[in-house]
Amino acid sequence: MRAPALLTFVLASFVFAAGCDDKKDATTDGGKATAAKADGGKAATDKADGGKAEAGGSDAAAAGLPSAETLLAKAVEAQGGKAKVDALESLHLEGTVAVSGQNITGDMKLWWKNGDFYSEQTMVGIGTVRAGKQGDVSWSEDPISGLRKLTGVEAEQQAWASSPSLPAQWQRYFETAKTVGERDLDGKKVYDVELAAKSGTKVTLSFDAASGLQVAHAFSQASPLGDTPVSVKLEDYREVDGFKLPYQQVMDISIAKATQTLTVVEFNVPVDGTKFAMPTGGAEAVQPTKAAPDGAVAPAP
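Each residue of the sequence shown is one higher than the one before, starting from 1 at the first, in my numbering.
To be clear, the hints were calculated from the coordinates, so they are not data collected in a lab. Just so you know, nobody snuck in bad clues.
Computed beta-carbon distance windows for the label pairs:
1. G200 to R238: 33 to 43 Å
2. E94 to A63: 40 to 50 Å
3. A196 to A83: 20 to 30 Å
4. E77 to E266: 18 to 28 Å
5. E235 to E266: 14 to 24 Å
6. D186 to D107: 19 to 29 Å
7. S145 to G125: 17 to 27 Å
8. D107 to E235: 11 to 21 Å
Calculated cross-link-like contacts (lysine-lysine; reagent style DSS-like; alpha-carbon spacing at most 30 Å):
9. K149 to K113
10. K244 to K113
11. K257 to K275
12. K202 to K84
13. K82 to K188
14. K198 to K84
15. K198 to K113
16. K74 to K202
17. K74 to K244
18. K202 to K82
19. K233 to K188
20. K275 to K82
21. K233 to K202
22. K257 to K233
23. K82 to K198
24. K84 to K188
25. K233 to K113
26. K149 to K198
27. K244 to K84
28. K149 to K109
29. K244 to K257
30. K113 to K275
31. K244 to K109
32. K233 to K82
33. K82 to K113
34. K202 to K188
35. K109 to K233
36. K202 to K257
37. K149 to K275
38. K109 to K84
39. K149 to K257
40. K109 to K257
By construction, the Cβ of each residue, glycine as well, lies at the ideal position given by its N, Cα and C atoms.
Given the sequences, and given the hints that come with them, work out the whole structure.
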């Protein structure tokens, strides 16, 4: 399996908080450039003549490409198999986050249980970004937009992003899957598969042709600030209890690039479900530390 794509959503909000004050124009104008260059994004889709190869359909075969159905199934087996995914009842992840070129770092935590979850990422001087889902209620909270109940496309995106293995569970969230192209990514041949929902929401998953593992995904993230192209590389796969997941995710959006590295991975452990409920308060900024006169480190006032 892989770490939920949900981490990408929270990480994107984390980066927005770090960069939106001095790069607001880049969020709109720079997004177009990112969309054109994003690995596994729109450029890959356009390259494949609009992605006409339906899952298991004749167009992919005619183009000499594996069907989406074949690629998704191979990815599940490469991760550890569908039985392993189905046996997953809870998940706990922790890690670090670093925003390139801005000297900004932070940490992340995620708890997931049977489809519900709570995740948070905190960076010094910026604040905490939280997201969660309990039953039919999805929510997010960040220093820019505050606490919000998610609806429409945002809720839909958060739902599929919370899947512990989208290749195994894609049919829960999307209506169609199609192979849209073959390309080179960091010296390796990859196949791009586009998943599309009835609402029009899409995400492109990229799979290593040799190993079958998912190595990237790209989509346009909906938010109160507008839609933003997001491209993510999945790296450093490791096996834990029979599962394979990427310990590192490198995210590229229009205003910055950020790297998330896992330090704690636990499967089927006790999880406090009360964390999932939508809170009533707001997220407070985390103050930076400074050196005290005696050399000790003390919180800034």
